[in-house]
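From just these sequences and the hints, can you work out the full model?
Protein chains in written order, with UniProt numbering: chain L, 1 to 302; chain S, 1 to 276; chain A, 1 to 359.
I should point out that these hints are in silico values taken from the structure, not numbers from a laboratory. Hints are not guaranteed to be accurate.
[Stated by the list, open to error] Distance ranges between label pairs, derived from CB positions: (1) A:Asn-81 with L:Pro-214: 34 to 44 Å; (2) A:Ser-129 with S:Thr-53: 36 to 46 Å; (3) A:Arg-281 with L:Ala-48: 54 to 64 Å; (4) L:Arg-75 with A:Asn-81: 13 to 23 Å; (5) L:Ala-48 with A:Asp-355: 35 to 45 Å; (6) A:Pro-212 with S:Phe-133: 14 to 24 Å; (7) S:Ile-135 with A:Asp-276: 58 to 68 Å; (8) L:Glu-193 with S:Glu-168: 17 to 27 Å; (9) L:Ala-33 with S:Pro-192: 22 to 32 Å.
Where a beta carbon is used, it is the ideal one built from N, C-alpha and C, also for glycine.
Below are the chains, spelled out letter by letter.
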Amino acid sequence: MDKGAYDVATSSTVIDTNDTIAKRWRRATEEPAWIRVTLITISLIFVALFLLLPLSVVLYGAFEQGISVWYDAIRDPDAMSAIRLTLLIVAIVVPLNTLFGVAAAWAIAKFEFRGKPILISLIDMPFAISPVVVGLIFVILFGSQGWLGPWLSAHDLRIIFAVPGIVIVIAFGTLPFIARELIPLMQQQGKEEEEASLTLGANGWQTFWHVTLPNIKWGLIYGVILCNARAMGEFGAVAVVSGRIRGETNTMPLHIEVLYNEYMFTAAFAVSSLLTGLALVTIAIKSVVEWQEERQQRLAAA
Amino acid sequence: MAATLVKRRVIPGFGLTMGFTLLYMGLVFFIPVGAFLLYTTTMSWDTFWSAITQRQVVASYKLSFGGSLIAATINLVFGALLAWVLVRYRFPGKRLIDALVDLPFALPTAVAGIALVTLYASTGWVGQYLDVFGIRVAYTQLGVVIALTYIGLPFVVRTVQPVLEDLEAELEEASASLGADRLTTIRRVIFPALFPALLTGYALAFARALGEYGSVVFISGNIPFRTEITPLLIVAKTEQYDYHGAAAIGTVMLVAAFMMLLLINGLQWWTSRRHG
Amino acid sequence: MPILPLHKTGVTTRSVSKLAAAVAIGSAVLTGVLSMSTPSYAQSNRVELLNVSYDPTREFYREYNAIFAEHWQTEHDQTVNVRQSHGGSGSQGRAVIDGLDADVVTLALAYDVDALHQRGELIPEDWQSRLPNNSSPYTSTIVLLVRDGNPKNIQDWDDLVRDDVEVITPNPKTSGGARWNYLALWGYGLDKFDGDEEQTYEFVRQVYENVPVLDPAARGATNTFVQRRIGDVFIAWENEAFLSVEQLGQGEYEIIVPSQSILAEPPVTVVDANVDRKGTRDVAEAYLEFLYTDDAQHLAAKHYYRPSNTDILAEYSDNFPELTLFTIDDVLGGWQHAQETHFNDGGVFDRILEDINAR
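Structure (structure tokens):
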């Protein structure tokens, strides 16, 4: 961080003192205005078609009949229990996947070992496995007809069609998010700083807390937000293992489906709008983090 | 011996982190997937083969793989463009758009499907105007591509963005001061630096699209041989208690996705070793 | 798969002990998650039932559970709490086979309940004879829903093969409800062509050729027809058709009752293996028997299911016009046979799809 701030400071000095070179450089490393405008316009149209409009549909549907209808839909006991269940699951899954993400990134980024591309590919796999197949996998493993089913029911343990099943399925689906965010980041940062810290006498944990963690902080937060969002929104696989017991094993996405199937479209969109609200939280957190960083840089430069 | 090892490797924690990584993946990933693959082996080769080569299934591969390839390619082009615009240019609403990119991760896929069909059906906000030109999106293969593009959108943007942010301006400046024009700089300096990230984003978007179910069923017409995706057939098989058939097709999808990821990650690892 | 070349990575006793610590933490977490499952079913003054049902019965069972709870409370001085699970009939049946702890199932077709015996050994083979009327306390039939004013002038099944008509119906391979639709068509065809299977096949094929969207589930198909305004006619259960008219647009749709149709019998049963384990058999059986009482029959009629009690059915004759009803046993020799010949892989329906594709 501090190194970057230093660079910014010196290069701005260069620009101040040598205006003509700076101008020539800028022109050479930037596109002409018309290209910039065109590229921005194309991007905005793409974003509008694929992101803004779907979001508008959800928000329009949610608030079409006024805020009180929206509020009633959220306060509905079944909706509340779906929200509570979703939060409970997130509270279990996200810390576990965070721990996993940091550990995996540390092992992969700081060390060389055979089979690394295989391990990375395996970590990526949950992105690629169809939710439909994920559901099937866990039914085959835990279902009464499955491998572990008879043993589980003999011990009166419920995994599938109960909260643990939903937890495992969502942990599976969101496994890569944090690791995937951290691995390239830590690989790129290299290990010089950690090695320096260790040679100076710090132990492994101290190095992690005071050197590595500050460096990956932003990526970690971002990964956690994504993991959180995806965990809340996971649908296809959860639908298979949840059992859809009203007020008990219906997560928010399943409750949305229930509402939609009951022709309660406004309520369905209202609950969806809560999930899209997460995107707004992302904006807020991201802005705060960026603002903090800028401030620190300014302080360091001063 | 311990002394030499410590010398070779200053950074500690390999045992702990790798141990936890493998343990966690073992519980959440290896055991379930292993059990699944084992389950597939309980059927005879003939059953397996005939399950995965039914005409209807083969037609669905074409749509699923073809549609995913097209969607991933669209995402490659527009994702790179979007990442570029978000990193390099300043314009009002930039931060909002930056945050919106994650929307496809946050929104449940079923909601996304409903929203997309609301937009693109011939009575929808966008669809009614396209209808004038005779373009039908909802309930056609085009609709499948739209849904797959939507759900894969964040991958390319989010893999390219950080690399672009960290790309050192000096390289471009050097290239420019050596007399290269902008296009040459992009082609010779920026593109090679972005290439691995583009590849990763492409692979992830493709793999994700291949398995997508929730959003597609709303917007594709689900007509067998025409607009039926492979995951829907897996659902159809399970509905008929044909777990073996479902698992067989699921295995095909699983292996295809893994091969794709392995190819890309291997390629990346190889190029990074070659370039230092 | 040698991911871990141990000799290279400097495994010391310390990192082994850390590995052990990691294993310990991991297993602790797992047992923690496992122990969250604490089943408790029957207590002295309180009992829980889980009714696993299909989509369109939500509204009906919400009200029915309340009147049954009241009845049980006065009779046995015990609070009964009925938990509900709704979804597609086939996937709900499968969930019960895979371990969903249902005390009773109330599904759309006997085939899905049969599977509980055949694949899960959860109920005896003769389950359907345990309650009156083939264990179907309420029935329905398959009708046609058209847009207001019936612009395409659709009067009977014959109109569905016309070139200018688009038909909406879900995929019978994924939707139990849609199998009734298909069988209604097939039964009508058999009658019309005096049992000629080839002509019947051609008739049904022509109808499916007019289907632009084949939704995986019944409710999705309703939304396609109603929300997206796709198609001219929607093949629907009678109760679903009434519900669509009531909830989605009074005066926007009309129900057309065909000359003849199939008697749709959504059956109910106690899941023996589960109630015996949980000790809930008495209340579960009472729950289903109570469906045949007058109160429940009136409630079923209110939710547009045809009551099995003919006297009560007669009271609602305004809603339920008379038509010739055939049963699946009459025309197709029962569900097992229908499933095998028509809906399984390589069956008649698959042939229809291939034919349509080849054209």
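Here's how the hints hold up against the structure:
{"no.": "1", "hint": "A:Asn-81 with L:Pro-214: 34 to 44 Å", "result": "violated (52 Å)"}
{"no.": "2", "hint": "A:Ser-129 with S:Thr-53: 36 to 46 Å", "result": "holds (42 Å)"}
{"no.": "3", "hint": "A:Arg-281 with L:Ala-48: 54 to 64 Å", "result": "holds (59 Å)"}
{"no.": "4", "hint": "L:Arg-75 with A:Asn-81: 13 to 23 Å", "result": "holds (21 Å)"}
{"no.": "5", "hint": "L:Ala-48 with A:Asp-355: 35 to 45 Å", "result": "holds (43 Å)"}
{"no.": "6", "hint": "A:Pro-212 with S:Phe-133: 14 to 24 Å", "result": "holds (19 Å)"}
{"no.": "7", "hint": "S:Ile-135 with A:Asp-276: 58 to 68 Å", "result": "holds (59 Å)"}
{"no.": "8", "hint": "L:Glu-193 with S:Glu-168: 17 to 27 Å", "result": "holds (18 Å)"}
{"no.": "9", "hint": "L:Ala-33 with S:Pro-192: 22 to 32 Å", "result": "holds (27 Å)"}
Checked against the numbered hints above, the structure breaks only hint 1 and satisfies the rest.
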